[in-house]
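Listed below are the residues making up each chain.
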Amino acid sequence: MTEPRQIPVAELSFDDALAELQKTVAELEAGGQALERSIALYERGVALHERCAALLAEAELKVQQLVTRAGGALEAIDVRPEDARDAE
Amino acid sequence: MPADPYDGAVEDARIVTPPGTFGLQILAVSEATRVIGGLVRSDERLRDLWVEGEVGRVTISTAGHAYFALKDDKAQLQCVWFRDERVRSAFQPQTGLRIVVHGRIDLYEPQGTLQLYVESIQPSGVGNLTLKFEQLKAKLSQEGLFDGARKRPLPIRPATVAVVTSPTGAVWKDVCNVLARRWPLVRVVLVACAVQGEGSAESIVRALRRIERYVELLGAANRASEAPAVTILARGGGSIEDLWSFNDEAVVRAVVAHRLPVVTGIGHEVDVTLSDFAADVRAPTPSAAAELVVPDRAEFAASLARGADRMHGAAGRVIGDARREVDAERRALDRLHPAARLAAGRERAGDLLDRATRALRLRIGEGRSRQDRLGDALPGLVTRRLVVARGALGSAASALAVLGPNATLERGYAIVRTAPDGIIIREPVPAGSQLSIRVARGEFPATADRPARSTGGGKS
Chain A
1 MTEPRQIPVA ELSFDDALAE LQKTVAELEA GGQALERSIA LYERGVALHE
51 RCAALLAEAE LKVQQLVTRA GGALEAIDVR PEDARDAE
Chain D
1001 MPADPYDGAV EDARIVTPPG TFGLQILAVS EATRVIGGLV RSDERLRDLW
1051 VEGEVGRVTI STAGHAYFAL KDDKAQLQCV WFRDERVRSA FQPQTGLRIV
1101 VHGRIDLYEP QGTLQLYVES IQPSGVGNLT LKFEQLKAKL SQEGLFDGAR
1151 KRPLPIRPAT VAVVTSPTGA VWKDVCNVLA RRWPLVRVVL VACAVQGEGS
1201 AESIVRALRR IERYVELLGA ANRASEAPAV TILARGGGSI EDLWSFNDEA
1251 VVRAVVAHRL PVVTGIGHEV DVTLSDFAAD VRAPTPSAAA ELVVPDRAEF
1301 AASLARGADR MHGAAGRVIG DARREVDAER RALDRLHPAA RLAAGRERAG
1351 DLLDRATRAL RLRIGEGRSR QDRLGDALPG LVTRRLVVAR GALGSAASAL
1401 AVLGPNATLE RGYAIVRTAP DGIIIREPVP AGSQLSIRVA RGEFPATADR
1451 PARSTGGGKS
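If you read the sequences in order, they're chains A and D.
All residue numbers for the first sequence refer to the working numbering, where the first residue is 1 and numbers rise by one.
All residue numbers for the second sequence refer to the working numbering, where the first residue is 1001 and numbers rise by one.
In short, the hints are calculated from the structure, not lab data.
All C-beta atoms, glycine included, are put in the ideal place defined by N, C-alpha and C.
Take the hints with a grain of salt, since some may be wrong.
Per label pair, the in silico range of CB-to-CB distance [claimed, not checked]: (1) 1133/D - 58/A: 43 to 49 Å; (2) 10/A - 1238/D: 46 to 52 Å; (3) 1148/D - 78/A: 54 to 60 Å; (4) 1420/D - 10/A: 46 to 52 Å.
Extracted from the complex, chain D is given alone in its bound form:
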């Protein structure tokens, strides 16, 4: 026998020391509790266990630890829940509550007492719900209700969106806000239902059916284009019991059978219900569901502006090509030389090009002022795109300005301006005024003669 039977591993003490060996020995208290502690810690069943019972009096220490007794009709067990674990839990022990505690049992040596050191607690019955959830999920999954192949694509720009939720609470308003911000062209139709408590599952199923009946009625009235194109099924966050109606078999089947694609936004990111599995698209929250069903207005305006850029570019190329063709034609005519054909050809080509230039310049000018107004109404990203677009428009317009008068001058017209200040003359000028006359292929000075009648105009 070793000199000190408690020196060494606990297992050793237990194994090598037969009952009664302590008989002639007096132990210190701490020695006795060490043996007890060793025994407790060596039992795997006590290291990780779940205990269900009713909560007795709860005390919270100044350090934030919770102490309470867990009881049934025959016994009780002291529990301690340290602050760090406790504050992370949404659920707290309350006297009289039936709970399930997860933790380990150990000896608190200073008191010589056995305690349950709590890691987490749950309300009683959750275990049953979780079990029911898994059983129903397996059953419906086996039927193929959650198959990816069943999922329908969402409409790209629905004109009408149906929302199945409770009209009270934040969810419905959040959905409206998101839609108003992202895509206010849409019409949103609330289909009110209860989302928790007795009868809520039936209420949700009835709401989904009402949408289907509404779609049918509109179709029969030749107003199918007004019918909702997608259904949002939404609810705010809550406990597993609060969300339970979305795990109801009838609700899940109604979602699968719904004639419109369904987007669910139920609870928070971490909450997953069987309705989510059944939906065509699952969004993490109600707001996210609203974002998923419509495009973003700012992005869309930017892509519209890109389309307009491409159109300006294409129109500019058409004008450029036409000008090159006219130039080529004129050179050909010059070579052929019959004066009458030359003049006629120039007239026709010049006329067409003039019209094109005028039209394009006018439209580009208007387009620019419209884009200015649009720019004021749009957020930063889009405005930047419009600035780029405006730059492109500006250079197109200046290119056309050069192109315009040349075509006219080629047809034999002249621009008469005062010299040296270059003001274009539209009224008769006093005799002796110095003028500058611009023709297609140059410019030359002139002096005004005695003034004639106002319709005649000055002549060099």
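Next up, chain A with everything else stripped away, as it sits in the complex:
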């Protein structure tokens, strides 16, 4: 609320959310902010924590195989582990 340029938490990747959470905790612990700023940090931090925990709990492994297309282009395509092929 004090930083309008913030990206909504729901749109952050795991790594971005985690990095911001770590920064937020450090800033809150260092203290010295105005009360309003502390509350804003805290609210953002709770949302970031929730985002990280949810992504971690809900993630599903993405399995792919690197295949060579005609003409030599390389592409990673989705496969089930048991459907991976011998093809190089």
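On the provided structure of chain A, position chain D as indicated by the hints.
For chain D alone, coordinates are given in the frame of chain A:
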């Protein structure tokens, strides 16, 4: 000459008894075999020897001992391999196989025959492979390819992991299972290759090159963040021949030159290949390699929860500090006394503190229900951590509940409740109802007057 030339040490018999001394003496059979046995056992060359030959007919006795002949084109030697040694060996003698036997030669006196007592056997040619392994290892080591200083650190949380292995067999599925369990945020990309037999070394080298080309292509397409950050080179267990392509010089050099850090998981714990020496990290098995490249989800969630605890603590301290400041300010204002400034100061401070309290209480409440849901999805260790965290949240919330209404009452508001049951009044009450009115610094009884219009409310 002693009365019995065979009484005493064998060496004595050999030394003190010149040829032909037996001439006039008739020996018992066991006496003759004793002399032979003594001679055989005294020769160091026969106590510990390696013999290479082809296996003849193999017989396994009911006791589990194996008997077989070891032959070449000129001679044969009877071998016996006792059960205890034999069952420990992965490799067994088969008729027609060329093998190298390690053991000792001794006389089997009941039969009067010389036998090779086997300690271990290996397929022929292993000696050559071992020699090649050691020679190549020494050469590459001299070039510095295995130096510790060359080893690169692994990325902490790679977004993408490349796996060079065969898509058939358990290894690839094991790697997927471990990654799915530990860190499902990762993307795993199989780069298929042959891992044994003719052409497998070249196939492994091509797979490593394909990864490099893929990384380059993504970089050129401005998608470098999707590129693999680490390569696992894996293969299941097997014989030294099965694993041999991982000792191939071209493979070893490709591992060293690979542009991503390489983790090897080849064979079992005991199998060590030159690729393992060349890798940035050697894992004992393919599954262990998968475990090494990603963090553990449960441990990570626990450390996240610790971060959240620290945040709750810091926010609680901020609120506490603010309250103490407000109290101090109010006491200062009381002393100064100009009524208008006092009221304004209280209003401003109280307002801010009220907002802070509301926000914090709201978030703590939500955080708690979110942690409840999270707790259901996580294994025991993490759940325990969350219980601790919930306890901390609970006490923070109750501290705030006390803090909240006080601040409001200080600003001149009152809480009106029915007496004696203490229900908070939000609607007009019948005339004569007994009430209790709470203000900032106390509570006093009251009685409701005749009811007015619903927006007005009762008045004592």
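How the hints compare with the structure:
no., hint, in the structure
1, 1133/D - 58/A: 43 to 49 Å, "47 Å, holds"
2, 10/A - 1238/D: 46 to 52 Å, "49 Å, holds"
3, 1148/D - 78/A: 54 to 60 Å, "39 Å, violated"
4, 1420/D - 10/A: 46 to 52 Å, "49 Å, holds"
Violation of the numbered hints given earlier is confined to hint 3; every other hint is satisfied by the structure.
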